[in-house]
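Asker: Residues per chain are reported as follows:
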Amino acid sequence: MKDHFKKVIRQAVVILFISLFLGMGVNSFFRNGIDPFRYPAASATTATEIRKIGLEQAQQVIAGGIPILDARSQEDFSEGHIPGAISLPYYDMGSYLDRVLPFLSTNQPILIYCSEASCADAEFLARSIFQLGYAKLLVFKGGFKAWVAAGLTIEREAL
Amino acid sequence: MKGLWTKVESVFKQWRPKNFGCCNQGLLLLRFLLAAVFIYAAIQKIGKPLAFSDEIRMYGVVDYGPLLYLTAIILPWLELVCSLCLLTGMYLHGSALILTVLNAIFIMAITKRTAEIMHAGTPLLQVYFDCGCGFGAAYAWKKLLENAVLFLMAGGLLFCLLHRGSFSSTDNR
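Protein sequences appear in the order of chains H and S.
Okay, so the first sequence: first residue is 53 according to our numbering, each after it adds one.
Okay, so the second sequence: first residue is 167 according to our numbering, each after it adds one.
One thing to keep in mind: the hints can contain errors.
To be verified - Computed cross-link-like contacts, DMTMM-like style, restricted to lysine to aspartate or glutamate with a CA-CA straight-line distance of at most 20 Å:
| # | chain 1 | residue 1 | chain 2 | residue 2 |
| --- | --- | --- | --- | --- |
| 1 | H | Lys188 | H | Glu131 |
| 2 | S | Lys214 | S | Asp229 |
| 3 | S | Lys308 | S | Glu221 |
| 4 | H | Lys193 | S | Glu221 |
| 5 | S | Lys214 | H | Asp87 |
| 6 | S | Lys214 | H | Glu168 |
| 7 | H | Lys104 | S | Glu221 |
| 8 | H | Lys104 | S | Asp296 |
| 9 | H | Lys104 | S | Asp220 |
| 10 | H | Lys197 | H | Glu207 |
| 11 | S | Lys214 | S | Asp296 |
| 12 | H | Lys193 | S | Glu312 |
| 13 | S | Lys214 | S | Glu282 |
What the hints assert, rightly or not - A few chain H positions that, by computed beta-carbon distances, are all more than 12 Å from chain S:
| # | residue |
| --- | --- |
| 14 | Ile70 |
| 15 | Glu108 |
| 16 | Glu127 |
Said to hold, decoys possible - Per label pair, the in silico range of CB-to-CB distance:
| # | chain 1 | residue 1 | chain 2 | residue 2 | range |
| --- | --- | --- | --- | --- | --- |
| 17 | H | Lys58 | S | Tyr206 | 30 to 36 Å |
| 18 | S | Asn190 | H | Leu107 | 42 to 48 Å |
| 19 | S | Glu282 | H | Gln160 | 55 to 61 Å |
| 20 | H | Gln112 | S | Ala303 | 40 to 46 Å |
| 21 | H | Ala187 | S | Leu318 | 18 to 24 Å |
| 22 | H | Ser157 | S | Leu311 | 47 to 53 Å |
| 23 | H | Arg103 | S | Gln191 | 51 to 57 Å |
| 24 | S | Leu195 | H | Pro161 | 35 to 41 Å |
| 25 | H | Gly106 | S | Thr254 | 38 to 44 Å |
| 26 | H | Gly106 | S | Trp307 | 56 to 62 Å |
| 27 | H | Val65 | S | Gly302 | 42 to 48 Å |
| 28 | H | Leu72 | S | Tyr206 | 17 to 23 Å |
| 29 | S | Leu311 | H | Gln126 | 48 to 54 Å |
For the record, the hints were derived by calculation from the structure and aren't laboratory data.
Since we're looking at a predicted model, the values are computed, not measured.
C-beta atoms are modelled at their ideal positions from N, C-alpha and C, and glycine is treated no differently.
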């Protein structure tokens, strides 16, 4: 009986390790995977301060002329982005922040998007920006994919 | 400690059915049912680590940080791997143990959150939230009942496997 329990524990540990490697491996290849060790130090209220909006609402606020941040990589941004958007790749935020911040105001709403509805970068970027004092943040949930799917115009030139 | 172990062992022996042969089909059904539930739950969460991390965070146990994100990344895979083990018959004991422990944790977490919502003035039968289990929002009492059934199924499977006799050749890898 005692040996059985030892074998059960051994099997459970093996399963845990297999899941760990599979999870981390697939996560690193997934487009909407997240880096668990590079996270924004978000406060407890952050998530509730960031509003998620759909395509229709995004079009309305964009028509109102608010700043738009593209959280995708520079390559994705160069291939096409929402007209008027500024590139601020979440995973290379430090290199771009100084260039981007002059375009933003803490009192003005800011729209942030990434590639698609399930991508994490827009929300992570929003959480990081929130820490810098930008409290009126809108995350366009559908992202660039929804924008293109709706047949709306895109820009191709890089920032 | 040794005395306690002997007592535990004697209790287990007392409950051990004399013939487990007739239970094999039942065990197979139990394995497949558990596997189906957890494969569905895992698929709903795999590929959505951020959304799942927010759902885990709502329980107030882990805040933003590596632990939260690692849990959101690994937990769905753990459920999937355990389910595949149940289907294939490999590492049966280990997967049954993990699913039993996971369900126990889920029950505790849902109970904690339900208690918090009830403390804010909502009656038990009206407590309604998305538990992050992969099945969408539901009444807390229903979720607790579902998880209790799953816990009993996984625990029962582990109990039966442990008392069926020696580990089979496919299981002892």
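Asker: All hints are to be evaluated individually against the structure, with a verdict given for each.
Answerer: Hint check:
About 28 Å separates the Cα atoms of H/Lys188 and H/Glu131, which puts this hinted pair outside 20 Å; it is violated. About 18 Å separates the Cα atoms of S/Lys214 and S/Asp229, which keeps this hinted pair within 20 Å; it holds. For the given pair, S/Lys308 sits about 18 Å from S/Glu221 by alpha-carbon distance, which is consistent with the 20 Å threshold. Straight-line distance between C-alpha atoms of H/Lys193 and S/Glu221 comes to about 17 Å, which keeps the hinted pair within the 20 Å bound.
The suggested pairing of S/Lys214 with H/Asp87 holds, with an alpha-carbon distance near 13 Å, which does not exceed 20 Å. The hinted pair formed by S/Lys214 and H/Glu168 meets the criterion: a straight-line CA distance of about 12 Å does not exceed 20 Å. Between H/Lys104 and S/Glu221, the direct Cα distance comes to roughly 16 Å. Compliance with the 20 Å bound is thereby established for this hinted pair. Our distance criterion of 20 Å between C-alpha atoms is met by H/Lys104 and S/Asp296, whose separation comes to about 18 Å.
About 14 Å separates the Cα atoms of H/Lys104 and S/Asp220, which keeps this hinted pair within 20 Å; it holds. Annotation: proposed proximity of H/Lys197 to H/Glu207 holds, straight-line Cα distance about 14 Å (limit 20 Å). Note on S/Lys214 and S/Asp296: the hinted pairing holds, with a Cα-Cα distance of about 15 Å set against a maximum of 20 Å. Simply put, H/Lys193 and S/Glu312 have alpha-carbon atoms about 31 Å apart, too far for the 20 Å limit, and the pair is violated.
Between S/Lys214 and S/Glu282, the direct Cα distance comes to roughly 26 Å. Violation of the 20 Å bound is thereby established for this hinted pair. The claim that H/Ile70 lies off the interface is violated: its Cβ sits roughly 5 Å from the closest Cβ of chain S, which falls inside the 12 Å cut-off. With a least beta-carbon separation of about 21 Å from chain S, H/Glu108 lies farther than 12 Å from that chain, consistent with its non-interface assignment. The beta carbon of H/Glu127 is kept farther than 12 Å from every beta carbon of chain S, the shortest such distance being approximately 21 Å.
Evaluation of the 30 to 36 Å hint for H/Lys58 and S/Tyr206 yields a pass: the beta carbon distance comes to about 32 Å. The hinted window of 42 to 48 Å between S/Asn190 and H/Leu107 is violated, with their beta carbons roughly 54 Å apart. Checked against the hint of 55 to 61 Å, the C-beta distance between S/Glu282 and H/Gln160 comes to roughly 36 Å, which is inconsistent with it. Here the CB-CB span from H/Gln112 to S/Ala303 is close to 28 Å, at odds with the stated 40 to 46 Å.
At about 47 Å, the CB distance of H/Ala187 to S/Leu318 disagrees with the hint of 18 to 24 Å. Distance hint for H/Ser157 and S/Leu311: a CB-CB separation of about 51 Å, consistent with the stated range 47 to 53 Å. Taken as a hint, the range 51 to 57 Å holds for the pair H/Arg103 and S/Gln191, whose Cβ atoms sit roughly 53 Å apart. Checked against the hint of 35 to 41 Å, the C-beta distance between S/Leu195 and H/Pro161 comes to roughly 55 Å, which is inconsistent with it.
Distance hint check for H/Gly106 and S/Thr254: the Cβ-Cβ separation is about 42 Å, which falls inside the suggested range of 38 to 44 Å. At roughly 32 Å, the beta-carbon separation of H/Gly106 and S/Trp307 lies outside the given 56 to 62 Å, and the hint is violated. Range check, H/Val65 to S/Gly302: Cβ separation about 32 Å, and the 42 to 48 Å hint is violated. Take H/Leu72 and S/Tyr206: their Cβ atoms lie about 22 Å apart, and the range 17 to 23 Å holds.
Distance hint check: the CB atoms of S/Leu311 and H/Gln126 are about 50 Å apart, consistent with the given range 48 to 54 Å.
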